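There are 6 protein chains.
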Amino acid sequence: MKDPILWMHCTSPELGELAKKNAVVLIPVGAVEQHGPHMAVGCDSFVAEWLAKRTARSLEEQGIPAVVAPTLTVANSLHHMNFPGSLSLRPSTYMLVLQEWCRCIAAHGFRRIVIANGHGGNRAPTNAALVEINLELGFPVYFADLTVALKPTVGLESEKSILHSGEGETSLILAYDETLVDPVYRETNGQKVPAPAAERAGLAATFHRMETKTTNGVSGNCSLATREKGEVLADAAVKRRVVALADEALWAQPV
Amino acid sequence: MKDPILWMHCTSPELGELAKKNAVVLIPVGAVEQHGPHMAVGCDSFVAEWLAKRTARSLEEQGIPAVVAPTLTVANSLHHMNFPGSLSLRPSTYMLVLQEWCRCIAAHGFRRIVIANGHGGNRAPTNAALVEINLELGFPVYFADLTVALKPTVGLESEKSILHSGEGETSLILAYDETLVDPVYRETNGQKVPAPAAERAGLAATFHRMETKTTNGVSGNCSLATREKGEVLADAAVKRRVVALADEALWAQPV
Amino acid sequence: MKDPILWMHCTSPELGELAKKNAVVLIPVGAVEQHGPHMAVGCDSFVAEWLAKRTARSLEEQGIPAVVAPTLTVANSLHHMNFPGSLSLRPSTYMLVLQEWCRCIAAHGFRRIVIANGHGGNRAPTNAALVEINLELGFPVYFADLTVALKPTVGLESEKSILHSGEGETSLILAYDETLVDPVYRETNGQKVPAPAAERAGLAATFHRMETKTTNGVSGNCSLATREKGEVLADAAVKRRVVALADEALWAQPV
Amino acid sequence: MKDPILWMHCTSPELGELAKKNAVVLIPVGAVEQHGPHMAVGCDSFVAEWLAKRTARSLEEQGIPAVVAPTLTVANSLHHMNFPGSLSLRPSTYMLVLQEWCRCIAAHGFRRIVIANGHGGNRAPTNAALVEINLELGFPVYFADLTVALKPTVGLESEKSILHSGEGETSLILAYDETLVDPVYRETNGQKVPAPAAERAGLAATFHRMETKTTNGVSGNCSLATREKGEVLADAAVKRRVVALADEALWAQPV
Amino acid sequence: MKDPILWMHCTSPELGELAKKNAVVLIPVGAVEQHGPHMAVGCDSFVAEWLAKRTARSLEEQGIPAVVAPTLTVANSLHHMNFPGSLSLRPSTYMLVLQEWCRCIAAHGFRRIVIANGHGGNRAPTNAALVEINLELGFPVYFADLTVALKPTVGLESEKSILHSGEGETSLILAYDETLVDPVYRETNGQKVPAPAAERAGLAATFHRMETKTTNGVSGNCSLATREKGEVLADAAVKRRVVALADEALWAQPV
Amino acid sequence: MKDPILWMHCTSPELGELAKKNAVVLIPVGAVEQHGPHMAVGCDSFVAEWLAKRTARSLEEQGIPAVVAPTLTVANSLHHMNFPGSLSLRPSTYMLVLQEWCRCIAAHGFRRIVIANGHGGNRAPTNAALVEINLELGFPVYFADLTVALKPTVGLESEKSILHSGEGETSLILAYDETLVDPVYRETNGQKVPAPAAERAGLAATFHRMETKTTNGVSGNCSLATREKGEVLADAAVKRRVVALADEALWAQPV
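Protein chains in written order, with this note's numbering: chain A, 1 to 255; chain B, 1 to 255; chain C, 1 to 255; chain D, 1 to 255; chain E, 1 to 255; chain F, 1 to 255.
Hints in this document: simulated from the structure, not taken from any laboratory.
Cut-off 25 Å, straight-line C-alpha distance, at most; resulting in silico cross-link-like pairs (DSS-like, lysine-lysine):
hint, chain 1, residue 1, chain 2, residue 2
1, F, K151, E, K160
2, D, K160, D, K213
3, D, K151, A, K151
4, D, K2, F, K53
5, E, K2, C, K2
6, B, K20, B, K2
7, F, K2, D, K2
8, B, K2, A, K2
9, B, K160, C, K151
10, F, K20, F, K2
11, D, K160, A, K151
12, D, K151, A, K160
13, B, K53, A, K2
14, D, K160, A, K160
Cβ-Cβ distance ranges computed for the label pairs, FRET-style:
hint, chain 1, residue 1, chain 2, residue 2, range
15, C, V193, B, P194, 40 to 46 Å
16, D, L135, A, K160, 29 to 35 Å
17, F, G138, C, T215, 56 to 62 Å
18, E, E178, D, A107, 52 to 58 Å
19, F, P194, B, P254, 45 to 51 Å
20, C, K160, E, R57, 41 to 47 Å
21, F, R227, D, L135, 45 to 51 Å
22, F, F139, A, T215, 56 to 62 Å
23, D, E136, C, D177, 49 to 55 Å
24, E, K20, F, G138, 52 to 58 Å
Only part of the chain A face toward chain D is listed, based on derived beta-carbon distances under 8 Å:
hint, residue
25, F143
26, P196
27, A204
28, F207
29, R241
Every value quoted in this text rests on a predicted model; they were computed, and no experiment measured them.
Here a beta-carbon is modelled for each residue, glycine too, at the ideal position from N, C-alpha and C.
Please put together the full structure from these sequences, using the hints given.
Okay, here's the thing in structure tokens:
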């Protein structure tokens with residue numbers, strides 16, 4: 001069933017119209033990577049797309065034209081590659097891909113592009129890529145990180161910031177589509193390997209393979225997850241994003 | 001609703017099981033590009049994924065494990081960039097992306113990978129990419145081109161081979177989801193610019209921007225399209241592909 | 001002995017004149033790869049250059065200025081690398097090289113460039129490369145594939161399409177220079193390994209190393225080759241190409 | 001005067017000894033970019049190197065062998081390029097350079113490498129680079145960000161986190177070498193352009209050219225800077241880093 | 001007429017035999033670039049190939065197996081691009097190409113590879129490329145520069161070192177094939193633009209476009225050229241090269 | 001202590017002034033590589049920077065504005081990698097880095113850029129890089145090679161051209177800072193492995209790993225080195241360079 005909020009569902013003339021209206025284009029960027037024994041490997045992509053759609057619809061309701069570009073599913077998950085099902089680009093390839101997507105969108109006249117990110121591993125390569133993207137395009141492309149939008153983690157018992165496959169993330173997927181969560185989540189929790197103090201304090205950071213940080217691929221307490229918590233989280237994140245993207249001051253800025 | 005034929009819907013342990021069973025992995029590769037005034041720009045991606053799913057299910061029914069990888073949506077559509085909504089990688093970037101997807105899939109132990117292509121523009125870059133992909137992986141990745149699977153074009157009145165946004169392609173989308181086709185298709189037909197004889201005979205081929213070959217972005221007679229024709233086409237293509245991929249001789253071949 | 005049809009033999013001022021006359025530039029692209037126990041490894045390059053020269057001369061006789069660029073000899077032969085003597089670029093390097101040659105030719109003012117291809121392995125990478133070449137140059141560079149020009153394979157007994165080192169190709173080299181064919185060809189024939197049905201039907205295509213398809217590197221029946229057959233083939237191919245390239249409509253086309 | 005804490009000052013045999021002792025190698029990574037009307041453009045590089053040397057000496061005093069690699073001076077400053085004197089690599093080139101430096105250091109047997117960063121613009125590209133660096137080397141290279149080490153910003157009146165050319169940074173340079181600070185700093189303060197709320201909240205982040213965020217290239221209140229504040233900051237940062245890097249648990253971790 | 005000294009003329013089994021005999025492989029590297037108003041643009045390639053063939057034959061006569069690889073014709077001539085007919089790769093592409101040719105030759109078992117260079121512009125990129133080529137292959141590939149082999153310039157009146165299109169080079173082409181030299185050479189001489197003293201002394205060197213150094217593209221006195229001088233030069237160069245390449249000590253060296 | 005001849009020590013406004021005055025920018029390019037058992041691995045970088053500073057000061061004294069850019073320390077030393085402490089970029093990465101530094105310097109308006117080279121291994125990659133650098137920038141960047149400036153090797157007993165870690169180089173470092181030379185130099189001399197005649201004559205050149213040419217990493221007679229010899233050498237080199245760079249004819253040249 002056609003959903004006109006989706007770029008992929010629109011016809012070429014419809015997208016031409018959206019460009020003329022200077023619509024906000026949200027590019028959901030997710031991941032395809034292990035999410036513990038209980039969640040679908042695509043769940044970062046599903047959440048990225050789901051919340052991008054809800055954000056776009058909400059913007060439309062406020063009279064701000066918006067559209068959701070195709071979801072960039074396979075992104076930066078090299079740290080999960082030792083768990084089955086994880087797929088990843090190399091960071092440098094990801095950076096090229098993001099640049100070419102943005103270049104095409106800009107070529108059609110769009111000037112309000114948002115990377116609607118749903119996966120922490122994309123943060124550094126996206127920010128590194130935006131340097132050259134913005135300089136090339138001549139206007140700023142914005143990075144809207146889901147972790148930030150979810151930050152207050154309203155209603156969660158065990159997380160102040162979203163953890164991999166934990167209470168928050170599992171709740172979000174339960175809210176999105178509970179069939180994508182195996183019931184085993186009720187008996188599962190993160191088997192976290194404690195990090196040295198220097199890492200905990202952020203004084204020394206690095207890239208680790210995920211299996212060295214959690215033996216079952218889960219970082220938080222997914223057994224605490226509920227559908228209701230997910231709905232609360234999602235509502236709050238969308239609201240925060242809509243306020244952010246509805247601000248004309250954001251779009252008036254030069255690179 | 002979880003669909004276990006989809007890689008993205010499976011959990012990591014489920015994909016580990018599929019690798020152990022040596023499942024066939026179909027990677028739908030489509031496009032995001034104009035399809036005339038009447039069709040969704042994502043339709044090549046939708047058809048690629050739809051038929052990959054039907055092929056995988058049919059293989060499963062014959063006892064051959066199969067799974068559908070994420071769809072590579074934005075691929076090779078530079079020739080359509082002057083029509084709104086088209087998105088494309090550069091061919092060299094596409095080749096890198098395809099190589100990295102296949103590398104990851106192989107890293108999990110899968111040895112039966114099929115590029116389930118749904119877009120003509122992907123043909124040359126995919127074949128060029130497979131040279132290095134196969135040499136790197138040590139087993140052959142197969143390219144299953146939809147145009148070939150659809151070749152007999154059973155039931156079509158105006159096409160012997162599938163044309164861009166024409167009778168066949170529009171019929172397929174009507175069969176897939178008719179809400180993705182604007183009713184204007186009934187009054188629309190290809191505004192083809194005749195090609196010189198040398199091009200028609202294949203003696204001189206080249207890359208043209210689509211607007212130089214058809215002013216409205218349509219190459220065939222979409223007004224002849226019907227849902228029924230699309231169903232016949234799709235059934236036949238899936239059947240042909242299933243026979244092809246069920247042949248053990250295919251998988252026994254070295255690079 | 002100076003042959004003014006050859007770019008390499010002309011002086012700089014002579015090439016300046018040819019550019020002013022808007023001459024057709026044919027770039028022979030061949031291969032350096034095994035051709036069975038009987039043929040010189042350079043034979044694809046020799047035939048590409050030979051037929052390009054005959055085509056150019058014939059165009060000149062019709063009053064159409066033409067010149068033959070240096071031959072790109074080492075191209076796409078990674079599939080033959082397990083046979084001694086084969087040399088190859090990686091496809092991505094080949095694509096860069098082709099782009100840089102065309103860029104230089106265009107920089108001198110030429111606007112009619114033809115890739116006069118003599119080797120099947122160049123097809124996909126050349127077509128992939130032309131996407132960016134044409135967009136960069138702003139005019140279409142044409143790909144003239146020898147296999148197409150030879151297609152009717154007039155006079156051959158065992159081939160409907162030219163096979164590697166078979167009746168047609170061996171006949172062509174006998175016609176070009178019979179000293180480049182070892183007499184062993186009379187007792188040699190292709191030791192073809194049968195392909196699975198899916199490959200034969202084109203439903204699943206891939207890149208194979210040549211030794212998996214023919215143990216002696218020959219695909220057809222070279223023992224049927226004769227010099228006369230080669231002359232007939234060559235004459236027909238040149239005629240077809242000349243008709244194609246003499247058509248002003250070809251050159252009037254935009255990218 | 002030879003300073004044996006510096007890699008560049010050591011002889012080859014001395015570095016061979018350090019490798020055998022499994023010394024910690026600190027790579028100072030700075031920047032060459034405008035720092036307002038008052039500070040030397042190299043000051044991020046000077047501070048990075050200065051604090052790396054003090055950290056290394058302090059580690060040595062605790063019996064932990066350490067050495068300071070050459071300083072990577074020109075790094076990621078494209079956002080400052082519209083101010084005279086700024087020099088920068090492209091992020092992708094920076095990532096290659098970092099990888100090759102680490103590869104060489106590891107080739108000599110060192111297994112404890114720390115990127116001692118002194119410039120915020122290096123954060124994303126360094127983190128993006130570490131993905132492939134760690135996977136290639138097989139042990140984790142650590143990123144020690146100065147901003148984090150300085151975080152409590154003890155003794156500063158106007159900054160909770162270090163700002164570009166502000167109170168903290170100017171104090172650090174005064175402490176390092178006050179001749180590198182033009183007295184004009186006493187009458188200078190940041191001419192900050194207020195950011196939209198969404199950016200302030202981190203909900204939408206992007207790369208901006210520095211002149212759009214501060215017209216004189218200064219973000220904080222440099223007029224509050226003093227040499228003493230700089231000494232306090234530097235002492236604290238070195239102490240924190242030494243504690244972090246002296247922790248054996250850090251070095252015991254796999255990638 | 002088959003010339004078995006040429007790689008391109010040999011069959012695959014013949015090249016397999018040559019590899020077993022550890023034959024010396026000479027790769028002629030030339031140029032396609034303007035050579036004044038009087039010489040064919042391919043002359044650097046012709047001389048490179050001609051002298052490589054003579055060197056190889058002479059080695060064979062001494063019992064040292066040798067073969068001449070295809071000639072790399074289009075190489076490093078960006079400095080000549082403002083004269084019609086010049087063709088060039090970018091240096092970085094040239095370096096890739098050279099690496100891939102050498103990799104293939106080595107893959108067939110050859111361990112004695114010589115770059116038989118005939119063009120000064122190839123010197124720096126070839127030497128830069130050999131760093132990675134030798135490290136990859138594990139044995140040294142040698143660069144035999146024609147300028148050095150011709151250095152004593154025996155018999156020349158106006159040149160102590162070979163100049164572009166001057167007395168020596170024109171004599172060589174007269175000796176190779178006088179039809180490739182336009183008689184205008186007798187009335188032509190270099191229209192050299194004097195270089196600053198610093199350049200003449202080598203204290204400051206750079207890349208200049210050729211038209212800034214000589215307005216007619218000629219650097220020496222071609223009017224003094226004779227066929228006989230060319231023969232003397234060629235004989236001497238071949239002799240010197242043969243002595244060099246016949247020395248077993250050269251081939252015994254590691255990288 | 002601020003040294004205004006150094007780019008890194010200047011403020012942004014000071015560099016803006018220097019650009020307006022069209023100052024000469026010297027980029028010292030050195031190396032980080034073994035220099036025998038007696039010298040600091042950074043000595044090529046130290047000498048490159050030291051002599052660049054003296055050259056710049058001398059130019060300033062003649063009324064020619066000049067400034068010394070940051071030193072490119074890690075450059076082309078892959079041939080030394082088997083000796084501890086050597087660091088190197090790949091040649092192709094070095095070429096990118098050099099191009100980006102020059103691009104930035106030119107972006108600020110400087111038009112007189114000099115690569116003040118202090119290491120032989122940088123020669124080929126720098127010259128290869130200058131082809132594209134000059135074409136991109138539109139003005140010539142000059143390569144000032146220290147070996148040439150030192151060529152007469154005034155006052156040396158054992159060297160006519162500077163050898164690696166020999167009499168000349170060790171003398172230079174003694175003159176620069178004798179604490180960077182271990183007294184062991186008095187008992188050390190090059191353990192040179194004799195090269196084949198063809199290499200000595202330059203007829204066959206290649207890239208060798210340094211340990212194959214000298215077992216202790218020293219090529220000359222460092223035991224003959226004295227501080228006084230170094231001062232004489234340095235004075236002469238600086239004088240020669242100043243004369244070269246003070247010549248307006250050099251800067252008037254186009255690419």
